[in-house]
Amino acid sequence: MRSKATKERGPRRKFDPLLVFGILFLVAIVLFAIFGPLVRSWMLRTPGQPLDSVYDPVGMPFLSAGGKYVLGTDDIGRDLMARLAAGARISLFVGFLVQIISLSVGVTVGVLGEFAPRWVAVPLMRLTDGMFAFPDILLAILIIGVIGPGLVPVIVALSITAWPSVARLVKTYVASLKDREYVIASKATGASTFYLVTRHVLPQLWNILLAVSMIEVAGTILAESSLSFLGIGVQAPTPSWGGMINAARGNLNSYPMLLFWPCIILSLTIFALNFVGDGLRAALDPKGQ
Amino acid sequence: MRLTKAILIRLLFGLLSLLFISFVIFVAQAFSKGDAATMIAGEKATPQQVQQLRHQMGLDRPWPVRYVEFVANAAHGEFGSSYYGTHEPVRDTLARTLPLTLNISILAILLSAAVGIGLGTLAAVFRNGFPDRSVLTLSTLGVTVPNFVLAPTLVYLVALKIHQVPVDWNPTDLASFGMFRSLLLPVLILAARPMALLTRLTRASMIDTLQQEFIRTAVAKGVPPLRLIFGHALRNAILPVITAIGTTFGILLTGSFIIETAFSIPGVGKTTIEAIQRGDTPVIQACVFVTGAMFIVLNTVVDLILPLLDPRIRESQI
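Chains as they are written, first to last, in the numbering used here: chain E, 1 to 289; chain B, 1 to 318.
For the record, the hints were derived by calculation from the structure and aren't laboratory data. Treat the hints with care, as some may be off.
[As the list claims (entries may be wrong)] Short derived list, chain B residues pointing at chain E, Cβ under 8 angstroms:
id, residue
1, F26
2, A28
3, P146
4, V149
5, P152
6, L154
7, G250
8, L253
9, F257
10, T261
11, S264
12, T291
13, F295
14, L298
[Claimed, not checked] Now the in silico label distances, taken between C-beta atoms and shown as ranges:
id, chain 1, residue 1, chain 2, residue 2, range
15, B, D310, E, I147, 40 to 46 angstroms
16, E, A188, B, I9, 37 to 43 angstroms
17, B, I9, E, R180, 30 to 36 angstroms
Just so it is clear, CB atoms sit at the ideal spot from N, CA and C, and this is done for glycine as well.
Extracted from the complex, chain E is given alone in its bound form (with noise of 0.2 angstroms):
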């Protein structure tokens, strides 16, 4: 099996050398966002004195990087790397959670688009085109618009905004799998339509849905972070890296560290979950390109 992928794709390359640092940065960053925050807070704690290193200033405004505060402090005087440990925080888990969420909503209306009956399938599809008529970031803004600005809105915006790609591309591949020899011979000796769907369908759609997802994390993270830069997504005081790039603008001139900590944060970030996405596509799916 494996010599005859070989021959159909050239050389095969064993090591895939971003692949491999965008898993390792990807597991530093998850480390960092988990425990970032509480690490910094434990050791700038003064005693008899709870201090929270994110929101609190913890010294002068404007220091620069070294000494107590690794990477110096931002423009009230709050340490700067405790502030981006918690910007992962936020960001991770706002790109996995809506990530969760348009998984199982794009899964359930690709499956359904396929083998419902036609008054179901029909107008969900219908459905799905229509979202596309919107540019993403505009209906997430309209939703905001409605809601009000804040975390919650921003996972229900992106996560509306996410589900109908999920949907077109899972519905592409269950039409192909669906003709398939071994999906009708099952058929025939009597499986129902979930058995066919849940044992048959969807375990071929894992590899290819996961490394689906982690390009569609990226994308939801950037997304997050453009909503919080341009003021709508997270507020501040609760430190986002969009919210910090935009807060970093004013003193740009004088203090561009504090600009580009976070930039590069969160483009690491980026680069890495679409390095992990391309190199899973290729090691997972040898039968695509």
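Put chain B on the given structure of chain E with help from the hints.
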């Protein structure tokens, strides 16, 4: 005859998309915090006064009636007046902000199409060579680096450190050479992502076309290389790219929200964001509708242009 029918169908589809957008916007209104009567009556009004105003404004009529009225008004560019400030009619707000946004978007789409098609062709012709590799690397960066990262970074480097272009938008620049300088960075950053996408697409499409048999025939006939590339290959390869210009326009509109905020350009994008922060429903509705309408109109135009360029589409009626 079939072509006329196809064109009519496409126009009808465009119209339906516009209606879909207007419906979504109308429904969104129903969920927003206070309706127009509550907002206009002010905080001191009694419930009876609000109710009376609501009756006067016709807000207590059934929703299908109000929807038809909403569409009819939207078709005339009437979206009511802002809830705040001088209660400026939204029509005037749009008249003030839309030209600026259109100006920047059109410049950006032209720039990204020209550079994208040029670089994509270059990369495809020198496939796997040095130009190809550098173009691919650049376009990967262009696709992945978000423009709200690019904007402040370039402002820092170009405007603050090299002092070549102004940092912020200056309205007095509009009619002079200064406009070109003020617009340089915004347009460039706005065009970056569509440019990268169009480059990759042109490259893929050109590589595909260059492997086809009619190209081999043309080479065998002794067609000079430049004519081969531009007259034979690019003419065929460019069709999916033109379709994509329509869809990348959506990315560009998204970007215009960010660029206008980042450079303080008083266009539709910045107005929308400010309206959301105030909770100014009529302004939000109008801006979202106008932005969505621009997207639909451009995509319809692109689909109508395609049959003019490709006889195959012309004959098989879209």
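Hint check results:
no.: 1; hint: F26; result: violated (11 angstroms)
no.: 2; hint: A28; result: holds (5 angstroms)
no.: 3; hint: P146; result: holds (5 angstroms)
no.: 4; hint: V149; result: holds (4 angstroms)
no.: 5; hint: P152; result: holds (5 angstroms)
no.: 6; hint: L154; result: violated (11 angstroms)
no.: 7; hint: G250; result: holds (3 angstroms)
no.: 8; hint: L253; result: holds (6 angstroms)
no.: 9; hint: F257; result: holds (6 angstroms)
no.: 10; hint: T261; result: holds (6 angstroms)
no.: 11; hint: S264; result: violated (10 angstroms)
no.: 12; hint: T291; result: holds (6 angstroms)
no.: 13; hint: F295; result: holds (6 angstroms)
no.: 14; hint: L298; result: violated (11 angstroms)
no.: 15; hint: D310/B - I147/E: 40 to 46 angstroms; result: holds (44 angstroms)
no.: 16; hint: A188/E - I9/B: 37 to 43 angstroms; result: holds (41 angstroms)
no.: 17; hint: I9/B - R180/E: 30 to 36 angstroms; result: holds (35 angstroms)
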